[in-house]
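Peer 1: The hints should help you fit chains B, C and D onto chain A, whose structure is shown.
So the sequence lines, in the order shown, correspond to chains A, B, C and D.
Under this note's numbering, the residue at position 63 of the first sequence is numbered 63, and the numbers go up by one with no gaps.
Under this note's numbering, the residue at position 7 of the second sequence is numbered 7, and the numbers go up by one with no gaps.
Under this note's numbering, the residue at position 96 of the third sequence is numbered 96, and the numbers go up by one with no gaps.
Under this note's numbering, the residue at position 27 of the fourth sequence is numbered 27, and the numbers go up by one with no gaps.
By construction, these hints were calculated from the structure, which means they are not laboratory data.
Possibly wrong hints are sitting among the right ones.
Chain copies aren't distinguished; within one or between two, either way the pair holds.
Said to hold, decoys possible - Taking lysine to aspartate or glutamate and the DMTMM-like style, the derived pairs with C-alpha atoms no more than 25 angstroms apart in a straight line are:
(1) K110 <-> E59
(2) K109 <-> E48
(3) K110 <-> E61
(4) K109 <-> D127
(5) K144 <-> E61
(6) K144 <-> D84
(7) K133 <-> E72
(8) K109 <-> D52
(9) K109 <-> D84
No experiment lies behind these values; they were computed from the predicted model shown.
Protein chains: 4
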Amino acid sequence: MPERLRRSSQSPIRWVTTEIRVRYAETDQMGVAYYSNYLVWFEVGRSEVCRDCGFSYAEMEARTQAYLAVAEARCRYHSPALYDEVLEIRTAVESLRKRTLNFRYEIIKKNSGVLVATGSTTHIVLDRNGRPKTLPEEYASLLKSSA
Amino acid sequence: MPERLRRSSQSPIRWVTTEIRVRYAETDQMGVAYYSNYLVWFEVGRSEVCRDCGFSYAEMEARTQAYLAVAEARCRYHSPALYDEVLEIRTAVESLRKRTLNFRYEIIKKNSGVLVATGSTTHIVLDRNGRPKTLPEEYASLLKSSA
Amino acid sequence: MPERLRRSSQSPIRWVTTEIRVRYAETDQMGVAYYSNYLVWFEVGRSEVCRDCGFSYAEMEARTQAYLAVAEARCRYHSPALYDEVLEIRTAVESLRKRTLNFRYEIIKKNSGVLVATGSTTHIVLDRNGRPKTLPEEYASLLKSSA
Amino acid sequence: MPERLRRSSQSPIRWVTTEIRVRYAETDQMGVAYYSNYLVWFEVGRSEVCRDCGFSYAEMEARTQAYLAVAEARCRYHSPALYDEVLEIRTAVESLRKRTLNFRYEIIKKNSGVLVATGSTTHIVLDRNGRPKTLPEEYASLLKSSA
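For reference, chain A alone in the conformation it holds in the complex (with noise of 0.2 angstroms):
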């Protein structure tokens, strides 16, 4: 098993798709969507990758104790989101560590096709107390399946 995997040319990016409807509480006084709001939503998307390798992320958590912590995050936003769109949240592992994680985003109007944001987070497992640890074998196994 290779320690680390990360994309090449070879390897195309495999997306992961899940929707959300822009809610009024997002939006803010500009008439858009507030920027804090696509940390949110990149997380809906990662709880999708999850699910889409066949595993519930809560439960992940539960039974093993691993917790994703992030490092790091960027947003790019390159279109405002508006109240009541539909927007295609497009997720994908980028990379895969034992300890650390990567993930790419891409957020689309749906009706449109317009890019509204891309981004990127960087995840280190944790255990209960905050300390490093090595992400579970089972779940580092689903997750390279989407990888």
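Peer 2: Structure of chains B, C and D alone, referenced to chain A:
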């Protein structure tokens, strides 16, 4: 010790006051603070009551595994709160029994004194597993000093 | 046209149902969905009622400059909602007058049918400047078809 | 007037500091502040920079119809922020051009001085209709006094 403490006409309510400033994140496209944020501000008020009574809610949770789960919440919206306004959150323990607690709230614009909202919450004391529990005596006594 | 529409024993309430999945962002350190999110979910339900009645709340706001400001909100929390659970949000127009609207809500776990919460909101129709306004007739008629 | 202002080794960065207390609403079931809240705290820091420069961001929006839309946001999470902790949000204008602005942030635990997060945001000045606009000269000058 009486099993139950409740407001009477003889004991005027004792308000604990704290301040928050409305965040851009809390506004919506109507140009005012979104209605669910008021419940967050109520919680800021409850934390302040604990601090005012000489303890930290965080510490109570950690030390005694007692959680104040919300059983009911009500809010009346009198005047909209705007971005960047400083609001006074006035919170009072309205009643305190062995396993339930009631808080009352008033939110007021600091500059003008205009009433923004009034509300109440009812809480049940639960243990880590969601089972009803008696409020630890030490903390019940401290809260009674406020009520 | 009657000035006011209100539930009677003869007219059973008409629920409109939509679904949300609890986000990690919506949980708190008690391990359950934080209590203010329920008001956000109620709003998701209201948007669905509009859609079900044949219009978009966004479009009503934009076209008629009529806003449904919340005057009062109540929520009773029956059973905690957990991360990743799918919840059914059932929403109904409870009453509809010229300038006020009442909604009722029930939130249920989709898998088990367990009741999570019940609630209600009262809304006043306002114009762009926060002055009371009559609900535009076209939208009042559409909502009456739901009530 | 130079078209562009940028940090140089000669001009040390000028931090503006404000404080927030972590709310229960901001925690998640991992027991720490959820990662999207840091972007909200960054915004609290930006508002403080405006205030420190002698104007209110709210007033700038209302008077000039200029909006600072976020084009990019980055955050590195160094140490988790816990419920009820007081955090210092240190914010600085990193660069200021006619139509774009960059802010830098550091978040620190007030009691211990532990570094919680660092980050940056890039903003584009837009008008009410989302079209690029020049930052009104009056406000550009005030911000330059801070940068």
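Peer 1: Each of the hints needs a verdict: does it hold here or not?
Peer 2: A quick look at each hint next to the structure:
Within a single copy, K110 and E59 get their C-alpha atoms only as close as 30 angstroms, which misses the 25 angstroms cut-off; across copies the closest is 18 angstroms, which meets it. In this assembly of identical chains, K109 and E48 lie within 25 angstroms of each other by CA distance both inside one copy and across copies; the values are 18 angstroms within and 19 angstroms between. Taking the shortest Cα distances, K110 and E61 sit within 25 angstroms of each other only across copies (22 angstroms), while inside one copy they are farther apart (32 angstroms). For the identical chains of this complex, K109 and D127 are inter-copy neighbours only, at 22 angstroms across copies versus 37 angstroms inside a copy, given an alpha-carbon limit of 25 angstroms.
Proximity of K144 and E61 under a CA criterion of 25 angstroms is satisfied intra-copy only: 18 angstroms inside one chain copy versus 38 angstroms between copies. Within a single copy, K144 and D84 get their C-alpha atoms only as close as 34 angstroms, which misses the 25 angstroms cut-off; across copies the closest is 22 angstroms, which meets it. Taking CA atoms no more than 25 angstroms apart as the test, K133 paired with E72 passes inside one copy only; the shortest distance there is 18 angstroms, against 31 angstroms between copies. In this assembly of identical chains, the alpha carbons of K109 and D52 lie at most 25 angstroms apart whether taken from the same copy (22 angstroms) or from different copies (22 angstroms).
In this homomeric assembly, K109 and D84 come within 25 angstroms of each other (Cα to Cα) both inside a single copy, at 11 angstroms, and across copies, at 24 angstroms.
Hint compliance for this structure: every hint is met.
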